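A.B. asks: Following the hints, complete the assembly by docking chain B with the ligands onto the known chain A.
Sequences listed follow chains A and B, in order.
Every letter in the first sequence is one number past the one before it in UniProt numbering, and letter 4, counting from 1, is 4.
Every letter in the second sequence is one number past the one before it in UniProt numbering, and letter 122, counting from 1, is 122.
Hints were generated in silico from the structure; no laboratory data involved.
Treat the hints with care, since some could be wrong.
[Unchecked claim] Under the rule of at most 20 angstroms between Cα atoms (straight-line distance), these lysine to any residue pairs were calculated in the SDA-like manner: (1) Lys159/B to Val19/A; (2) Lys124/B to Ala228/A; (3) Lys223/A to Val308/A.
[Stated by the list, open to error] Covered, in the sense of this in silico footprint (three residues per stretch, anywhere, with C-beta under 8 angstroms from a C-beta of chain A), are these stretches of chain B: (4) 92-105; (5) 131-138; (6) 200-207.
Everything numeric in this text was worked out from a predicted model, so none of it was measured.
The beta carbon of each residue, even a glycine, is placed where N, CA and C say it ideally should be.
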Amino acid sequence: MSEIAEPGGGVGYAPRVWVQRIFAGQTGPVLVVVAALILIWYAGAIYLNAPQQIDRDRRAGIERNFIDFAAATYAQERPVLPAPHQVAAEIWKTTVEVKPTSKRSLIYHGWVTLSSTLTGFGIGTLLGIVLAIGIVSSRTLDKSLMPWIITSQTIPILAIAPMIVVVLGSLNVAPIWAKGTVSAYLAFFPVAVGMVKGLRSPDPMLLDLMRTYSASPTQTMWKLRLPAAMPFLFASLKVAIAISLVGAIVGEMPTGARAGLGARLLSGSYYGQTVQIWSALLVAAFMAAILVTIVGMADRMVLRRMGVKA
Amino acid sequence: MVEAETAASPAASAAPPKAAPAKPAHTGAVIAASDLSLTFQTADGPVQALADIDLAIHRGEFVSLIGPSGCGKTTLLRVIADLEQPTSGEISVNGVSPDAARRERSYGYVFQSAALYPWRTIAKNVALPLEIMGLPKAEQQKRVKKNLELVNLSGFERKFPWQLSGGMQQRASIARALAVEPDLLLMDEPFGALDEIVRDHLNEQLLQLWAKTNKTIVFVTHSIPEAVFLSSKIVVMSPRPGRIYDVIDCGLPRDRGLDIRETPEFLAIAHRVREGLRAGHSYED
Ligand SMILES: Nc1ncnc2c1ncn2[C@@H]1O[C@H](COP(=O)(O)OP(=O)(O)OP(=O)(O)O)[C@@H](O)[C@H]1O
Ligand SMILES: [Mg+2]
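This is chain B alone, in the form it adopts within the complex:
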């Protein structure tokens, strides 16, 4: 078994990029991190952002990362996306290294702020990754239209980012990530800048999308209700250095509506998350 796996991975990396990516033998673990640590070297000395992270995320899971500001949520997401290199430990994405996964364009990333190109219209911004992937024009237009509709931005195609509110810009950046149609979505507080109603709406949309498409989603948030409502698994992190304090499996039904937030099951999970956050805070002080 072990031999079969090691034999499979060189074949996967040697395969031409156009061919269907060879799925590794151990399907399921989309993201597998063990003993992962990351220390930033700064002018004021080293800052340990992540310590001893052990995490397995399986295909089709919706995993929320929650924790106080500065506990390393963004850093962990960036390591998965190959935007940051771990100092030690192992991590694989889709069974290959983050670098190889990035080259195969196997994930979509939503940044903590909108990161739109100021000289591109909203439609052109959403089309940017599609242009880079070299999709035909017609397909690009189809996907742009579909995803702008999904985030309620139809009619703003020809506006420039500065003509939109902060929340609308953030929605455009979500549409941009979705347009790539990746199997893995990495989202860094995508709804942080939105008002409650729009947030609820997009939460429902995202949940439907996830339920329909069997995507794997890693989602950073500060909101306990949001985490519980969306997730199949909640990872509670604690700061200095960033560690995983608790991993909570939520057994809520897959097709749930917003009213599930009133049920005892929901409140019980929310309670456990809150306890975890409190405990994480206190062992720092």
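Excised from the complex, chain A in its bound form:
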């Protein structure tokens, strides 16, 4: 047998070996955590929905055993906490069973949110990098900009997002840009802070070397500071992309927007449609996970091309 197994994993096809293999990698632990979460979720659903169910059963004069009662708590129209399978069914219904262009499709709403997220992420990243370059290149900018950058993040986004969206909306800016602005407002911060650190990370000797070559500040920036900052940039981008999504969703909430995951969350809570809220939440979480994974993959690809020891 010439297969190479993961370290700690076995070779062959016996069930025990499969289990060993799964647990040798990352899959096993992740699966265990997911299973545990789902179990807790199911238990929580019974506990949280029980008062409502007891109330209803008393009024209808129904007596039931525990199994029957639990099943009833999992089948409510507007549960306090919907059971995982209810949410799964709702997601299935609103993604697979309706056309992606329909207003009821989560794919449609997800796309609306995603487009604002990416717009804001792009603007925020660019802004963050430009600010960082300015701050590292000029003492004056360092002194004058840094306090403002920090201050910008001490204002709660929930307070400032509605103003941004309303003001830009009244200026006839398309919603994607208005929401993108909220995302960019959040995203530029980790990028700017990470890049300032990254651009200042080169070894003093490498900077001295540039000096002996009488390199211009631009050359030092391109050939030394920016490449040295790449690991810092990607660490920041992972935070920035997740926070951009939050920004886009928050940007969809205050304005009575009719599209986007934020709008779904808002209308869900308006009508007590908890299943709808949880579906939108899960789709948002899933999207965040995918986006962060993509950034992580880009990170590994770029660093490998730069010859960084794997």
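C.D. replies: Here is chain B with the ligands on its own, set in the frame of chain A:
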């Protein structure tokens, strides 16, 4: 004469960078330092690294700086390279200030450690100064190839620094400095991390290069045989504060082989260097 000199220097600094640098009237003294002192201001108070350094290095000389650790060899080299500013005293490089000399890219500097860029391959590392100087691609490749051959690193062009041993990295950094083809080479213990055989080989290569090209070389070392073998002049330094204790002229023939190390002349110079180092040590204790 004095007037002619002062008239010549503004002309040199005003000349456009592309034009051939105007050579100062007092040719020969590539490096001239007088009364040079440098005190570092540190958190624990001032540290005097250099005191009253008087030194003249002429075109085509191979000068070794030797002395105990912490006596200011690196600091002196950094002052020449305009990486450190002297606290007092005068210094000129190629007849102009170190700053102006640096801007004209008139020297190549080899650091005490390799200082390669981790994200650049060996060939790209050697090409870095050439890119900055804006040389054409073909010329860059030619010089990279030539200098990697010189330090026996052919075949490692596409490796990254972490894939090479410490000694190989140091050789790559020497190739990088040589690729600039400067008239003045400042080398800070370039062979410190190498084994004896490779060191001997590179010593011979460097000596040949020097004999062929009439470069001026300032070379820091801890090794007495290395200093005597390579140098036309040995500067013995003593610590706390860094001073020049002795300057020894070696009259060894220019085209010498490694076997010269057995001759009485060689041993006599080595003896004098050792005496100087001992004396420098003792007046500190
Ligand atoms: N940047 C600095 N700040 C403060 N003190 C410094 C600095 N650089 C060097 N020194 C001090 O100056 C003195 C001379 O240092 P230098 O590096 O020139 O010694 P060296 O002769 O090159 O020693 P070695 O042989 O170990 O390389 C030392 O006492 C050192 O502590
Ligand atoms: Mg040193």
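A.B. asks: Hint by hint, say whether it matches the structure.
C.D. replies: Hint by hint, here is what the structure shows:
1. Lys159/B to Val19/A: violated, 40 angstroms
2. Lys124/B to Ala228/A: holds, 15 angstroms
3. Lys223/A to Val308/A: Holds, because 16 angstroms separates the two Cα atoms, which is no more than 20 angstroms.
4. 92-105: holds (count 4)
5. 131-138: n = 3 at 8 angstroms, threshold three: holds.
6. 200-207: Our answer is that it is violated, as 0 residues pass the Cβ test (under 8 angstroms) against chain A, missing three.
Checked against the numbered hints given earlier, the structure breaks hints 1 and 6 and satisfies all the rest.
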